[in-house]
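Enquirer: Let the hints inform the model, and build the full structure from the sequences given.
Top line first, the protein sequences correspond to chains A and B.
So for the first sequence, this note's numbering puts the first residue at 1; every next one is plus one.
So for the second sequence, this note's numbering puts the first residue at 139; every next one is plus one.
What the hints contain is simulated information worked out from the structure, not anything from laboratory work.
Please note: incorrect hints may appear among the correct ones.
Here are the simulated DSBU-like cross-link-like pairs (lysine-lysine), alpha carbons at most 30 Å apart as the crow flies [stated by the list, open to error]:
#	chain 1	residue 1	chain 2	residue 2
1	A	Lys127	B	Lys289
2	B	Lys149	A	Lys87
3	A	Lys46	A	Lys123
In this text the structure is predicted, and so the values were computed from the model without any measurement.
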Amino acid sequence: MLWKEKYRVGVPLIDQQHEELFERVSNFIKTALNGAPWEERMESVKETMYFMQDYVIVHFDEEEKLQQSIGYPDYPAHHEAHEVFKKGIDDYVVLFNEEGFSEEKIQEFAGKLMTWLIVHVGKTDQKIGEFYMKDGGL
Amino acid sequence: MKAEYVNAFYKATQEVFKLMLDVVPEKKNLSVLEDLASSKDASVLLGVTGDLKGSVLFSMSKDTALEMIRIMSGMQLESLDTFASSALGEVANIIGGNAATILSQNECICDIVPPQIFVGSYRSYSTATRQTLLLSLDTDIGPIDVSLALKE
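Expert: Below is the structure:
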């Protein structure tokens with residue numbers, strides 16, 4: 001299981017979306033590694049890939065709206081971190097569209113995506129929670 | 139090599155391991171070697187450019203590397219496959235990024251070159267320095283070597 005309780009930020013909507021993201025990434029990793037013939041897994045991998053590309057945009061937008069509504073002071077840096085995260089995914093999608101969805105490249109992407117998600121939610125997002133609890137109206 | 143360079147990578151390694159693995163590495167030994175080399179199973183080589191130039195090598199046993207992957211993903215893998223190598227490389231990359239941030243607070247501006255991952259037995263790497271500092275770390279999941287070959 002990828003999700004850990006320590007990743008909880010303390011804002012219900014954000015935590016719910018984070019749990020969804022972790023679950024999707026966890027399933028993505030399992031599919032990427034499960035050893036069945038690649039042709040049988042490729043459609044599921046593609047589908048999850050495109051879902052995540054869309055879902056991170058929805059989630060990051062929601063998170064940024066919340067940050068702005070509570071006057072979160074680190075919003076510009078956090079927005080930039082989101083842009084870097086999205087570009088990381090987009091660059092791989094471009095690569096997959098140009099060179100095809102190879103098992104090797106999907107596994108490489110899965111390894112990176114897992115670490116990006118853990119660092120972003122486990123570190124960067126925790127600061128939103130700290131501010132929200134202190135100054136954000138709770 | 140100044141102590142602050144070693145400390146930046148030590149502190150960054152501690153921070154990232156604690157965040158991602160709930161493991162806190164402790165300094166066991168610091169020694170000077172002639173070469174940048176490792177006989178451990180898994181190594182990640184980071185390039186450093188800017189005010190500091192050179193390489194930083196993270197090395198560990200296969201079991202330690204697989205335990206890192208298990209803690210992060212919840213999955214017990216048997217081998218250091220593409221997924222595991224990619225994740226290890228990215229952890230080292232994040233450590234390098236954090237070390238660069240710490241160094242920048244002391245007006246030392248560096249960039250980290252994307253990691254190269256090596257799986258297998260003894261390997262030596264060319265360096266731009268005459269000496270390498272080996273920082274041996276102890277962790278609950280096994281020893282980790284951080285070798286620094288950096289010059290101003």
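Enquirer: None of the hints should be skipped; say for each whether it holds.
Expert: Here's how the hints hold up against the structure:
Straight-line distance between C-alpha atoms of lysine 127/A and lysine 289/B comes to about 35 Å, which puts the hinted pair past the 30 Å bound. At most 30 Å may separate the alpha-carbon atoms for a hinted pair to count; lysine 149/B and lysine 87/A meet this at roughly 28 Å. Between lysine 46/A and lysine 123/A the alpha-carbon distance is near 29 Å, which keeps this suggested pair within the 30 Å criterion.
The structure does not agree with numbered hint 1 stated previously, though it agrees with all others.
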